[in-house]
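Student: For reference, the chains in residue letters:
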Amino acid sequence: MLVRLAQALLVLMLVSVITFVIIHRAPGGPAILADPMVTRDQAREMARTLGLDRPLHVQYLAWMGNVLRGRLGISFSTNQSVTTLIGQRLPATLVLSGAGLVLALVLAVPLGVLSAVRRNTWVDHLVSSVAMFGLSVPVFWLGLVLILVFAVQLRWLPAGGMLTIGGPSGVGDRLTHLVLPAFVVSVFGLAQLTRYMRSSIIGVLSEDYVRTAWAKGLPRWRVWYRHALANALLPMITVVGLMLPQLAAGAAITETVFAWPGIGRLAIEAAFQRDYPLIMGITLLVSALVVAANLLTDLAYVYLDPRVRLR
Amino acid sequence: MTRAIRRRLLVPVLAVLAVTAGDSVGAQQRGGVLRVAVPTTPTGYVITQAGGLADVIIEKLFQNALTRYDEKTLQPIPNLATEWRAEDSARIWTFKLRAGVKWHDGKPFTAEDVKFTFDTIFNKDVRARMRGNMGPLERVEIVDPTTVRFTFKEPFAPFPVMVGYNAGIIPRHLLAGQDPNNPAEFLKKPIGTGPFRFKEAVAGSHVVLEANPDYWEGRPALDQVVLKVVPDVNAQIAQLKSGDLDLALIQPKNIAALEGDPNVAVTTARQVNYFYVALTNKDEIFADVRVRQALNYAVDKAAMIRAVLRGHGEVATGPISPVLGWAYTKDVRQYPYDVGRAKALLDEAGWRHGPEGVRQKGGKKLAVTLTTSKGVLDGEQLATVIQQYLQAVGVEAKINLVEFAHLWTGLFKGEFQASVEYLITPPDPDLFGALSCNAPLNRFSYCNPKVDVLLTQGRATPDLKARAAVYAQAQKELAEVPSGIYLYYPLEVRAMNRKFRGFPEMPLRDAFQHSAKFWLAR
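Sequence order for the protein chains is A and B.
According to our numbering, numbering within the first sequence proceeds without interruption in unit steps and concludes at 1448.
According to our numbering, numbering within the second sequence proceeds without interruption in unit steps and concludes at 537.
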């Protein structure tokens, strides 16, 4: 376990070094220094106040030193602390992605099972077609179409944002704002999970213990749900585990289309502005989550699958 | 001279008063919330944030600059300053401040605040981008509590325009002693002297401003202005249609989506914005003025306006926009689309027909690389069209797409030979920094002694008529000896709630200087 932790820290450091070098070496530089009204002399002064005139390794070590002290630095483009900026945006992203993931799981599991047990019937074909559509539909297009239908034409749901500004911003209001973006966020995961669920169930249905269960004369639902589903869900842990980091990384496109104030959009803005501290902060957060999700996935197997043991 | 300036100032002031009075007599209704689309979260701190649309708008809602712009002429008119005069060929500017103005926290606004603001802008440790707009300022002195004097190293006639350009005065009593780059405490609840007070901000979502009942111009008609962060233009259109937004800047290609909408009106306005191809004048191909002239004949600017802007633009005749009616002149050498003349000029310059239709001289091909960025509106499309026009006259053209920030830094470093770009400038014809020899912002490495003399003279001529005459000559010379390919002046396209009134027909960014007059019909 200690080895795994050490590996995780090493991965994080490598990611940060690579990101740091790439963003600093890319042509251009921070947007605040590249303005048609800013002279080169002035840009040089501004670069100095940002510490960008120092050698790259010195800059990296200074950044790392701050991170170890729990500070992620000050954003170039907004002059606010990166921790504050991320803290402001993280809750919105967790709500949206969390709702999306729950929706995806709740729908994908029964759809996958249905598809598997009715394999090669019209039900299976229908579910598979819908899943293929979900995997291939462009998110921005789907989002805009839903806005046009439900917000502009039918006026059932709001066109964007997290709540009615200056209005009754209670739970109900927030939920109506959440419906469309959460559905859009869930679509890809839903399609993916449905396909995985289907093949996982199909795989499990040919296992010996399922044949034994049939042979014992157990009722259909008992075989499907108690024997097949429980075991078929195991590999899903890996799939969901891989999706977890996305929870915090945010769904940049959905957030943009629905004007949702999340991390994904913050990351896009940071990248456009070449806001080094903000890019580094978000990268560090997301990579830490990937590493943590992988660890959690492994631990979940230890807990749920008696064949796996901690070494 | 000084009296002449003051007299001319009176006219627009009276005009504004008349318009305000006309609106408020009976017609104007109080109340309502105006929701404006912005692409990013505004910060409310103009010193380090001037530039982005969100910050440009919020600055005008809750702050005041010394001057603002007349709705028709875009010339500076009183704001926090009531009058100003130039001395010593515009090397010294004295501003008289409005008395009785209060900050949103009730403290009085004084000359100390003005001095503090400019000292902060000129502090070398502060990342104030607008510093470059303010000319060679040497010192700011408080003459008396309502008079401030600015002394420059060189004459600087554009100053009254520049102090109105995203340069809201900041409160010394709250900001002195705070980190001028990141006044964290202040930003929790920023204040100004403007028509609206800061009420609430949710990062990434919106900022709510409410009417300032003690505003020196009188309480604004609107109860609130909400800046809604909606980064995607299609989402903005949807929110306009669904009634969730009242005002947004859109592009000509979006107009069709709003046509016939009973609640949304689309209007256009001239703006201080021009599109051009910057040609590096020291490049061995472009050093010959005949090549630069030829390329101006080779592109069909009117067709580009029709295709790219759906007709919402005017052919550019030089770097000064026609929105500056007093300074702009059309009476310059014109470059109509004329392939024959383009070819003749290239022949004359010694670029003869070579293999594969590409001209050459001394064995060298006439090859041009057009750099642009997706960050330049329609930049890629423009570059593609220009590429075809150039090929038609025997110029081989390649397109190089770069990041937006790279576009601005690369040209200065001489990395790009030609770039398709645009410039939004303050509403003043001053081009000294952009086109005089060796000027720090000369993107073209343009050097024309005649132009240099005129641009220097323009900065030393505060009298408007005399100044206009200087720039008329400069425009003639800049058309005769072009710095690049002047493409077009795009019109600004605004989509707004049909009930929204009192919005002047000036560029949107400047129109917010008059937000106290905005109102919503019931």
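Since the hints were derived computationally from the structure, they do not count as laboratory data.
Ideal placement from N, C-alpha and C gives every residue a C-beta, glycine not left out.
Treat each hint with caution, since some may be false.
Pairwise CB distance ranges (calculated) [claimed, not checked]:
id	chain 1	residue 1	chain 2	residue 2	range
1	A	1205	B	514	51 to 59 Å
2	B	428	A	1263	36 to 44 Å
3	B	278	A	1301	14 to 22 Å
4	A	1177	B	368	56 to 64 Å
5	B	514	A	1405	53 to 61 Å
6	B	403	A	1159	33 to 41 Å
7	B	514	A	1159	15 to 23 Å
Student: Would you list, in rising numerical order, the hints stated earlier that this structure does not obey?
Tutor: 2, 4, 5 and 7
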